[in-house]
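Novice: Okay, here's what each chain looks like letter by letter:
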Amino acid sequence: MSETNPVEQYLRMDRMPHIWCSGCGLGTTVNCFVRALEGCQIPLDKISVVSGIGCTGRVAGYLKLDSFHTTHGRPIPFATGLKLANPKLKVVVYSGDGDLIAIGGNHFIHAARRNIDITVICVNNFTYGMTGGQVTPTTPIDAIASTTPYGNFEEPFNLPYLADSAGAVYVARWTTYHIRHITKSIKEALQKKGFSFVEIISPCPTLYGRRNRLGDGLEMMKFYKENSSIKNGCDTREVGLGFKGPIVCGKFVDRERPSFLDMYNSKMAERIGSSFSPYEGIQ
Amino acid sequence: MKADPKGVLTGPHFLDGDHACCEGALAAGCRFVAGYPITPSTEVVERIAGRFPSVGGIFIQMEDEIASSIAIQGAVWAGAKAMTVTSGPGFSLMMEHIGLAAMLEAPSVFVDVQRGGPSTGLPTLPGQADMMQARWGSHGDYEIIAISPNSPQECFDLTILAFNLAEEYRVPVMFMMDECVGHMTEKVLIPPADQIEVTPRRFTTKKPGEYLPYMTDGDMVPEMVKAGDGYRFHVTGLTHDARGYPAMNADCQEKLVRRLVDKIRKNADKIIRIEEEDTEGAEVVVMSYGITSRVALRAIQMAKADGIKVGHLRLITVWPFPETRVRKLAERIKAFVLPELNYGQVFLELQRVVAGKTKSYLVPHGGGTVHQPEVIYQQIKEAAK
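Going line by line, the protein sequences match chains A and B.
When we follow numbering that gives the first Met the number 0, the leftmost residue of the first sequence carries the number 0, and every step to the right adds one.
When we follow numbering that gives the first Met the number 0, the leftmost residue of the second sequence carries the number 0, and every step to the right adds one.
Just chain B, with the same shape it has in the complex (with noise of 0.2 angstroms):
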């Protein structure tokens, strides 16, 4: 369906990306934000309480981000797209809510925008250190999607983005911005409402009775109700059955925890966007996502002034990881480069799935600003020796 004219600011702008962000989410159709303050992702929600009123949105700041992050998923059962904002400090009290809403599979939004950390860290500097925590910060297992945007473009094509495989796949989806893409100002381009694509909620067709609020036939995905419809239906943060009725048994587990993990994994094909320049014939491929996507352009540069042969692969999606492709480059390539403000978070997935099949390095950084260019140039010529 396409998005509601309503909330799309049609036409070129000069915004930052946390403002992009907030245009994205009113084109996704997002009209419920609950948030707490927090630098650098305040400017999103600031715009968010300016916008709303006059889009028939709401916004609550609530009192903290354990608030924000739950007041989101009652939402959404009302019928709501809904989406939460913050940065470390405030991700990391919004872990519990990540694992409710992947269990009560509650489609919704989270924003990081990435500080250094850990603690209070580097409040105003930027970090790509919650990429694992995005991924499993929460208790138990379950999958989620986590997408880095790397200009406030994307901070505005890919907040719809997530918006849309939220619904689709029923799932929180992590949006894993930094304190750069945040803050820098560019142009953002926002076409007409009828030239963007918004997935609505997978409401069920079954009348009251006929209706159960787990129950899947094939895909994997649940079809949703939402309150005052008149199903009377119950939802529980414990381990379910079909019914959403708790079932405290080992095979109740093995089935619900199984495809809350499959719908994501199977679906990886359909759900990972990524971004190649070069790699057919590169020696050497680059790896990277977010900010650091654009320094990585700078040393693939001067590599590539070198003679080198070095392409770029760049993580749209982070969550779920590209294994097919990157096992597949893996075959012939001689190494892998990534930097990434961390000492070592993509990466270890990234050498999980290279499995030694060549070799990969990681080019870290603590945060606070951003790489080098000449460091992963360094690397790059080293990783082609």
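Next comes chain A alone, as it looks inside the complex (with noise of 0.2 angstroms):
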């Protein structure tokens, strides 16, 4: 007799295997993520997922749900277009650091300034996995990345401070060692109205770890475990992640602010009158 994981139901097991490797921390934030929606009573038929492109662009394929594999760096502009055309749907933007602050950056910065009613959850492993460990926005300086052989001396972007000054409504930062905390978080990002924010510190062994000599997925995790702690309504600007130093968790930001549609039917009302219908959706 065998026995079903219980997250199987939210998965395309007919892909499985998946491509992560190892030690890699993509597995984790997913399946946080699906013991997440277990706990938040939206309907499943009622969620869209969208990533990008990269190894964290993947997640959007393994999981059973309306799914969006997008272009690089775009999620967030479909996921707005989705959003604003349904209103009714739960829209989850699932990608990695490169895809949505490198190339994806711009968008991020406005839909959070728009208050765009999606959560969106950065697995951010310092680096590009798929093709094969380039420097990202995020990697601190001193790591040695394949296109920074003499370490990197770029200042990185501290994601939540990013987040937080750009309007977000909902900023949380954990580990993949933190899996109670980020099922907590993302179940909050999913039910505050507005912008939500996730960020997740994920190893990847191969690509960024072993280059920098971090060890295995196990010793990135004790690393975490060691160097972590949790402040919540820790100020964003006090956040930043240097290499091998403290990583500061917890739930930053958690506001109220109207969303873009909030605002957009509130000031056509004003504006036009009676006339104007509260916008719902395309009909």
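Please note: incorrect hints may appear among the correct ones.
Said to hold, decoys possible - Once the Cα atoms are required to be at most 20 angstroms apart in a straight line, the calculated EDC-like pairs of lysine to aspartate or glutamate come out as:
no.	chain 1	residue 1	chain 2	residue 2
1	B	LYS225	A	ASP44
2	B	LYS356	B	GLU279
3	B	LYS205	A	ASP44
4	B	LYS265	B	GLU322
5	A	LYS63	B	GLU209
What the hints assert, rightly or not - Okay, the calculated bits of chain B under chain A, using three or more residues with CB under 8 angstroms as the criterion:
no.	stretch
6	22 to 35
7	59 to 65
8	76 to 84
9	224 to 235
Worth flagging that the hints you see were computed from the coordinates, not collected in a lab.
Here a beta-carbon is modelled for each residue, glycine too, at the ideal position from N, C-alpha and C.
If you follow the hints, you should be able to join the two separate chains into one complex; please do so.
Specialist: Here it is, written out as structure tokens:
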């Protein structure tokens, strides 16, 4: 008699095995994500997951939900169109640091500014795994990447600070060591109206860990355990990451701000008057 | 099915081509537009922004054309009819997502009000030099449909056709206006909604579990679903199989890309719209499209006054190219003359199809204004010798 793993019902089992390396943190994040779905009462048929390109970009393809594997850097504007055309959908963007913050960085800040009602999960492994371990906008100074063989010398982005300054209403960061916290945060983010952002620091032992002598996936997890601290409500300016430095985790931002469509409907009603019917989706 | 009267401004109007395009989109059922300001196309989205709130549509000015061209595809997968609008420099940025729309078979309309190029070029002046980019601008192999209106009335009528063809073939349709047509103001007659034919999306009637996103039966165009209806479907820009799952092999690539190309090529006769005048018995045929077709008319009049037997073949759809008809004409006419506001783009296709069976002459122009009719007339005279 075989027992089915409870997360299997959320996955496209006909696509297993997945392409991720052993020790990669992506599977852990997916596990946390589906457990968050379990607990948050949103009908699964109403959830859409949008990914870009890269290792994390493959998440959409493994989830048994309406799921879109789009172009590099563009899952956020795709999600924007999807959400605005049908606001009843719960739209989740699930992608990596290179996809969302380098090539997609402009879309990221504008969606946060507009407060588009989507949840963005960024799995930050500090590298482009799919293409062989190049430097990204989150790679800490001094870390070695295939395109920074003498160590990175560019200042990285501090993602919670970026999301916070651009206007996100919910900002949290965890590492793949913090599985319960990730699940709780994703659940909160899904239930939050507006642009919610969860950063998950995740090991890429094959292309980041090995090159930087950080050990295998397990050792990287031990590092997270020993070097992370939880500071809910911490000023996001204080949570930047250094190479082999401390990792501040927590829920940093949780505030209210009218979403894009809230603003649209209230301003149009104000200007156009009673002939305007509030927009609730394309008929 | 008939147009939703809510979006149709029935009656006679005095509109420029940009505004007429907006009204055509509304009549076609378009309710989602994403765009980024760029001359000479901006008036389309300005009018959309004013008209949409009262008809239940949503317009968003995105942060750039890359975002605009994929936001419309998100909207398409939510069930909307969607469009983006731009000009040359923005069109260049949209190439990535013309490829995505071709690959995912997302029915969508890309309006390019052409200006002089390359690069920033002549923002306020006409060009027709994006014609090959419209066809092949994104990487990889695929086919699209391109339409070229020559008046504000056609900007209205053919925008509806663009949406209808997009739905019929699940393909991105390029609506290739130019600055002159976009900014010229003429009478536009908008018919009653019940006289406007609108093609609905090819939604499946299959149930979740039975439905495969890219399974086709015969006509090469798969049925569609939208997010939120319980199908839990997956689509990807990677080469995919009938399930929509990535399939990284040459067999699947051959099957998929062959179908993407064939669904347009093999239906070309149904898609192509051309207009002919006096081509029967003509010795010279002027081929033209867009604003240049109106300049060509004057040149044709001048040549006829000289007794030259000259006809006119206007491309309303430029891509796919009317190969069969051109080949037939090539068997008996002396020459084709093709004026266009570029140095030979559609002309390359004309030459390929004519294949030396008759002569073909390009009347090139760098853009910034239209041809002098005399230049085309001189070429007709030369060709008739």
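Novice: Give me the numbers of the hints this structure contradicts, sorted from smallest to largest.
Specialist: none
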